[in-house]
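In case it helps, my numbering puts the sequence shown at residues 14 to 81.
Source of the hints: derived by calculation from the structure; they are not laboratory data. Built from N, CA and C at the ideal position, the CB exists for glycine as well. It is possible that some hints are incorrect.
[What the hints assert, rightly or not] Beta-carbon label-pair distances, calculated as ranges:
(1) 76 / 41: 54 to 62 Å
(2) 62 / 40: 26 to 34 Å
(3) 19 / 43: 29 to 37 Å
(4) 68 / 14: 18 to 26 Å
(5) 64 / 39: 25 to 33 Å
(6) 21 / 73: 25 to 33 Å
(7) 48 / 18: 26 to 34 Å
(8) 25 / 76: 15 to 23 Å
(9) 63 / 14: 14 to 22 Å
(10) 71 / 34: 20 to 28 Å
(11) 41 / 75: 49 to 57 Å
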Amino acid sequence: MDSRVALGLVIAAGVVLPGVANYFLHQAGFSTVGAAVWAVGYASMVVAVWYGWIRPLDLRGPDGGTEP
Numbered sequence: 014m015d016s017r018v019a020l021g022l023v024i025a026a027g028v029v030l031p032g033v034a035n036y037f038l039h040q041a042g043f044s045t046v047g048a049a050v051w052a053v054g055y056a057s058m059v060v061a062v063w064y065g066w067i068r069p070l071d072l073r074g075p076d077g078g079t080e081p
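Construct all of the structure, not just a fragment, from the sequences and the given hints.
Structure representation (structure tokens):
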């Protein structure tokens, strides 16, 4: 699977699944639990995106520049 497709699926799942769970828990009268499930699910998606796609990037500048 292409990395861009996987990234899109992770982001979509990280937003949609916790959102749907939050909706159903809120409808069942568990608003606080729904908010917690949404926050943990969204945060998990952010960590997964950071770990899988952002962390491996080499964001350092060029070596051997003219810095003092």
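Check the structure against each numbered hint from earlier and tell me which ones fail, lowest number first.
8, 10
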